[in-house]
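Build out the structure end to end from the sequences listed, making use of the hints.
For what it's worth, our numbering labels the leading residue of the sequence shown as 12, then goes sequentially.
Because the hints were derived from the structure by calculation, they are not lab data.
There may be inaccurate statements among the hints.
Below, simulated EDC-like cross-link-like pairs (lysine to aspartate or glutamate); rule was C-alpha separation at most 20 Å, straight line [as the list claims (entries may be wrong)]:
hint, residue 1, residue 2
1, Lys485, Asp474
2, Lys208, Asp175
3, Lys253, Asp173
4, Lys534, Asp482
5, Lys202, Asp302
6, Lys208, Asp243
7, Lys208, Asp302
8, Lys235, Asp302
9, Lys485, Glu528
10, Lys281, Asp329
11, Lys204, Asp261
12, Lys330, Asp261
It should be emphasised that the depicted structure is a prediction, and the values quoted were computed from it without experimental measurement.
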Amino acid sequence: MSSKQALCPFCGQPVDEGMRCCPFCGAPLSAGEDAAVGVGSHAVGTGEAADVATHAAEPVAEPAAKKPGRRFAKTSAPAAKPAEQAPTGEDALFSLDNLDGDAGVNPNASAGKGASIPRMTPHLDNARAAVRKPLAKKIAIAVAAVLVVAVVVGVGVAWKGDQDLKREAQQVSAQKKKSESKLDLMGGDRKIKAQAKAGLGGDAMVCDGSYLYWADGSHVLARKASGTKTVDSTVLTKTTAKYLNVCDGDLYYADGASIMKIEDVAECAKRAGGKDKSKVKVKTVATLEGDVEGLVVRDGTAVAMTLKDGKACVWRLDKDAAHLVAARPASSAWLFADDAHCDVVVATDTGWTVCEATLADVSSAAEITLEQENAEAEAEHPQETHGPFGSYVAGSEQLKNAFFGEGTLYAVLTGTDGHTTLSRCTQGGTFSSFDAYADAGRLWANSHGCALVLSGGELGWIDASSGLSSDYDKVADKAGLDFDPSTSALWLNGTTLFVADNSGKSSTLWALDTSAENPKLVKIAQ
12 MSSKQALCPF CGQPVDEGMR CCPFCGAPLS AGEDAAVGVG SHAVGTGEAA DVATHAAEPV
72 AEPAAKKPGR RFAKTSAPAA KPAEQAPTGE DALFSLDNLD GDAGVNPNAS AGKGASIPRM
132 TPHLDNARAA VRKPLAKKIA IAVAAVLVVA VVVGVGVAWK GDQDLKREAQ QVSAQKKKSE
192 SKLDLMGGDR KIKAQAKAGL GGDAMVCDGS YLYWADGSHV LARKASGTKT VDSTVLTKTT
252 AKYLNVCDGD LYYADGASIM KIEDVAECAK RAGGKDKSKV KVKTVATLEG DVEGLVVRDG
312 TAVAMTLKDG KACVWRLDKD AAHLVAARPA SSAWLFADDA HCDVVVATDT GWTVCEATLA
372 DVSSAAEITL EQENAEAEAE HPQETHGPFG SYVAGSEQLK NAFFGEGTLY AVLTGTDGHT
432 TLSRCTQGGT FSSFDAYADA GRLWANSHGC ALVLSGGELG WIDASSGLSS DYDKVADKAG
492 LDFDPSTSAL WLNGTTLFVA DNSGKSSTLW ALDTSAENPK LVKIAQ
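This is the structure in structure tokens:
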């Protein structure tokens, strides 16, 4: 009788009866498969009766068709108790309960009857480890790839953020340089030509939109109101001019007791600065009794002021002569005007008053005589002595310097306690004090703010919108300037401030943008 063998269902090699694991491929073999038969024989051994009886209680699946020459012999297995019987067939091969056996058990040892089937864990552990190692390697590679991508993305984002910050800084720097290099001499005010046609000025500098004109104490100078490069100023005429005004293309100024005029001044400045250096013609408008202490020309009406015998006298200049239209007691006085009003700020030993009249009333006011200028006549005929001017606002402080325009008064006041300050009074009745500017020697203001030169040569600024002050003394120091309020001249075109320094042998003209974050003085003429 031939030996009983079975063929391994995994590798097809013959396996001896009773073996639980294929010696060739290591796969576990079930004890409950088809009965083992002799090779080339279909007889069932007598020793298999117990196995047949053991499995008779369970339905046995019909064996699969055998390939020719390859038959499976059923191996005998000891009967086990129902509760302890190990799974057979595919259940024995893939059962998870049998994957964690004790190491060192001989998988081919025959189990006694009733004993559990030895677990085939060494070979399964090797197979599982063989699967886990490449899987763990793949997972590690994937994690490493994700980390590399994250690092690359993080570095890229950081680099892009750094580049964006650098780009923004460069843009800010470029804008700053652009704003500094392209100083707007018009200060954002494009209406100045129309305003100059109606009349502008009243101090030592004025602009008609085409040229800047200023007096240095011995000349009237001109410079184009465009470009920021330093250019040579054009001399229009030699004169001790004061109180420059432009109106309808003509330049008016005071020289001692006389009112002078240069007609078509922009064209004259153009020719005087050209190759031919043509001489500028100057005409005398009127000569008054006493030196002129104020001059304004608005909408064809020229108004001058003189101080005589303790009175501020206001004159209207007609084509034929000058006519006295008002007089006020004053130890000092200042004359101002806008496009509709004429204002006189008078100071006495007992206080100060801002007197105002419309230009229309001044142009039509009757002439008064000097004989009326006494206390008795003033008490009896106040309208005749004061003329068209009425009191706008008044105070009891001692007034030392003042500027009035567009309903706002800037005045250096000393109270009864001896405290001196620069006060700002708006048309709405708002008062502000600036003690640091108490010694302001020269003032000029518009709707944007007030520029001033202190007695010590410092340059200051008061913003009209915020009411805050700014010291430009460091800006002046950086430019090497020390202004003298008695010889300097101020003018505002919008937010651009012009300062003429006449303290040296020759005059220099400087410009500063008061709206800039870091303003600086730029020399534009010499």
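Out of the numbered hints, which ones does the structure contradict? Per hint list: 2, 3, 5, 6, 7, 8 and 10 violated.
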